[in-house]
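Based on the hints, put chain B in the right spot on chain A.
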Amino acid sequence: MTAPLPPSFSGRLRELTSHRATWPLLALAVILVVDGFVAPGFFTIRIVEGRLFGSLIDILYRAVPTALVALGMAVVIGTKGIDLSVGSIIAVVGATIAWRIQEGDPHFVILLTALGVGLLCGLWNGFLVAVLDIQPIIATLILMVSGRGIGLMINLIYGGTNPSFTSPLLQGLSVGSIGLVPTRLIVFAAVFVALWLLIRRTALGLFVEAVGGNAAAADLAGVRSRLIKYSAYLISGLCAGWAGVILTADTHTSDPVSVALYIELDAILAVVIGGGSLAGGRIYLGMTVLGALVIQTLTTSILMSGLPPEYNLLVKAVVVLFVLLLQSNNARNAVLALVRRRKR
Amino acid sequence: MADTSTPRIELLGVSKSFPGVRALENVELRLNAGEVHALLGENGAGKSTLIKIMTGAVPRDAGEIRLDGRPVQIGTTADARALGISTVYQEVNLIPTMTVTKNLTLERQPRRFGLISWRRARALARQRLKRLNLEIDTEKPLGSYSVAIQQLVAIARALEDDTRVLVLDEPTASLDATETELLFQIVRDLKASGIAIVFITHFLDQVYQIADRISVLRNGRLVGTGPTAELPRLKLISLMLGRELGTVEAHLASHASLASGEPVLAAKGLGRRRTMAPFDLSLRAGEVVGLAGLLGSGRTETAKLLFGAIRPDSGELVLDGKPVPHNSPRQSLRSGVAFCPEDRKAEGLLGELSVRENIMLALQTKRGWLRRLGRDEQKRLAQEMIKALAIATPDAEKPVGQLSGGNQQKVVLARSLASQPKVLILDEPTRGIDVGAHADVVRLIRRLCSEGLALLVASSELDELVAVSDRVAVLRDRRKVGEMAGADITRENIIRTIAGR
Chain A
411 MTAPLPPSFS
421 GRLRELTSHR
431 ATWPLLALAV
441 ILVVDGFVAP
451 GFFTIRIVEG
461 RLFGSLIDIL
471 YRAVPTALVA
481 LGMAVVIGTK
491 GIDLSVGSII
501 AVVGATIAWR
511 IQEGDPHFVI
521 LLTALGVGLL
531 CGLWNGFLVA
541 VLDIQPIIAT
551 LILMVSGRGI
561 GLMINLIYGG
571 TNPSFTSPLL
581 QGLSVGSIGL
591 VPTRLIVFAA
601 VFVALWLLIR
611 RTALGLFVEA
621 VGGNAAAADL
631 AGVRSRLIKY
641 SAYLISGLCA
651 GWAGVILTAD
661 THTSDPVSVA
671 LYIELDAILA
681 VVIGGGSLAG
691 GRIYLGMTVL
701 GALVIQTLTT
711 SILMSGLPPE
721 YNLLVKAVVV
731 LFVLLLQSNN
741 ARNAVLALVR
751 RRKR
Chain B
5 MADTSTPRIE
15 LLGVSKSFPG
25 VRALENVELR
35 LNAGEVHALL
45 GENGAGKSTL
55 IKIMTGAVPR
65 DAGEIRLDGR
75 PVQIGTTADA
85 RALGISTVYQ
95 EVNLIPTMTV
105 TKNLTLERQP
115 RRFGLISWRR
125 ARALARQRLK
135 RLNLEIDTEK
145 PLGSYSVAIQ
155 QLVAIARALE
165 DDTRVLVLDE
175 PTASLDATET
185 ELLFQIVRDL
195 KASGIAIVFI
205 THFLDQVYQI
215 ADRISVLRNG
225 RLVGTGPTAE
235 LPRLKLISLM
245 LGRELGTVEA
255 HLASHASLAS
265 GEPVLAAKGL
275 GRRRTMAPFD
285 LSLRAGEVVG
295 LAGLLGSGRT
305 ETAKLLFGAI
315 RPDSGELVLD
325 GKPVPHNSPR
335 QSLRSGVAFC
345 PEDRKAEGLL
355 GELSVRENIM
365 LALQTKRGWL
375 RRLGRDEQKR
385 LAQEMIKALA
395 IATPDAEKPV
405 GQLSGGNQQK
415 VVLARSLASQ
425 PKVLILDEPT
435 RGIDVGAHAD
445 VVRLIRRLCS
455 EGLALLVASS
465 ELDELVAVSD
475 RVAVLRDRRK
485 VGEMAGADIT
495 RENIIRTIAG
505 R
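Residue numbers (the working numbering), protein chains in the order written: chain A, 411 to 754; chain B, 5 to 505.
Extracted from the complex, chain A is given alone in its bound form (with noise of 0.2 Å):
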């Protein structure tokens, strides 16, 4: 084999663009820098009754549901599947949630029944897709088409309304706030940084990205791919079934028809952001999480900039386009090829 070349600065730069944060973490940098221009004192963090105020926190606060959701999607995702039931997982679960406290069950119960709930979600799909061998995408679609009408179901036990509840125990987990940081920011911390160990101090990750990437392959080599794309499709439910309990805690209602609603196509592009590949073989935990920070940041910063609430889906497409197009080879030689010619 020849020698490898020296690194030059040229060949420094490369490393750094090709470095798969860099794109997302510049974009964020960008939205932030616009937001900083646009909205005075919007990197001011003061601490309001006894906790922390601003917008930044107000950022994070709000990315909470979604980052968990893409945290399961990207393991799901790097099994080279799909998980489409998210948003209606959430409804089931807080559709479950309602019920229960409407029944007199204690809250502490209520919150294992709800994660239950979620769990149980996993096994469905994981079942359809690991036993049954369905699409993903057909498989998970079927409770994303079903679970909205199975929380009207559920609401209907006890008349059907959409009525509203108190809880100290879920709100604590959800608006709450321990000492100045909110709860949910602390429980989601909690959340990752078990999934990671799960993924990266296991083999778990490594299985998963054998199964994504050559399946065939991942059987031959001893994986039990089968057990594999189940536990995904587990932790995906798992996931949604904690973004569940914040938000149904956040509205204190169940409301299955909008609750969390195109929540899976925002986890889904936190995961690309992120630089996971829907071909599967690869997950990135942290930059997904980065990922859902872009996300709402962008939303946020759309509301706040006072543009009319119709422009913020529209915006939130072109500015999510353009990332993705950063983070393209194909379109950043193609810009560059033609900077060149420009120059010649």
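Keep in mind the hints are simulated off the structure, nothing from the lab.
List time: in silico SDA-like cross-link candidates among lysine to any residue, alpha-carbon distance up to 25 Å: (1) B:Lys402 x A:Gly421; (2) B:Lys402 x A:Leu736; (3) B:Lys349 x A:Asp543; (4) A:Lys726 x A:Ala744.
Just chain B now, kept in the frame of chain A:
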């Protein structure tokens, strides 16, 4: 050059670097019209890169290409095709689920009123196949035909009326002897029509059968070129390896002493309907058992039945004297049986993952998901394997998909070795591997064997089987038809058994 006529195509002073690797340095290649020119070299010598430059798939850093004496610009594969330079790549890149007609007319469908005219497409497809004397049903999906037929279809697609240069990258890698002869007949016809043909292969026999001239690359440089008659086999091999051949020849003589003792792994009436008739086979420690047979005779099926990748419906498998009830790849690995698949792209490689991750995977599944190998341990293991198998990679973190074919094969082999097996099943371990790597692999097999490993080697290369095996089991039509040991293992004997005479 003594030759007075203008070469059909000339590559002059071609250089190319990839990040961290100099792939080609100042390479020259001259092809005359109506000649078959063998391009040889070890894995990573630069053959594929040179071909890709010639066909516009990769831009060159320096150098010039002349076609019939005129300098030409080849920036894209479309440029190359327009100039009459066609390629059939090593891995057949047709679409198996589409019909033969669709595959053949994919790039240029005949149209009628703006719509595709399938009647004319069929006629065109048949006409293209006719040039190769191939008569098959063009409406069946390509995937329903054998690899050999698919290879011929790929050639039919590459050939245009105005093709001047045809590149065949390992066209015979998965063909048996009859199919190879069929292909060579076609190559001779094409040659007679004045096409210059580049023929890349690892089978030296075939080079002497078909090539008029030979060029040899080593480490990105041209180290020799000349008429086939002036390059005898030993000289050729030492050019490719850059060293004398004593080490390569040695293994041919060193048949290990026959192993005795209880078999480590034994199949008793193991079989599966429509896949493989029940067979008995035993592997002993320190012994290499060869598995011979034509393409489709059940070599891969036998190997997979032993490994548990195909579930048997009759018979039993005995490991260390104890029957294995429900075998699976995972269980096999755990009890010390490793398997190296034939089709590395479909069943071996995890292309996105690094060399390190690919190597450690089987050992990790053996340990289970909770007992993860430490990062330092992984690195040490990867380095050890890279060194032991001479895997050409700048570092262990490179995605394995970016390595050359032979090195990918070595990585898959390294994976099964890293799982520390007692029994190693190799399905075509040297498919697509060059002489140097071949020697590395064979030496490794011998060393492992002397350390007490039991080996099963399935191969379509009889010479290889004769060279390494202590015993050979012969298969025909998915049935074990014979077994021979020691001095009885000869090429002629195996062929006679396959033929059933």
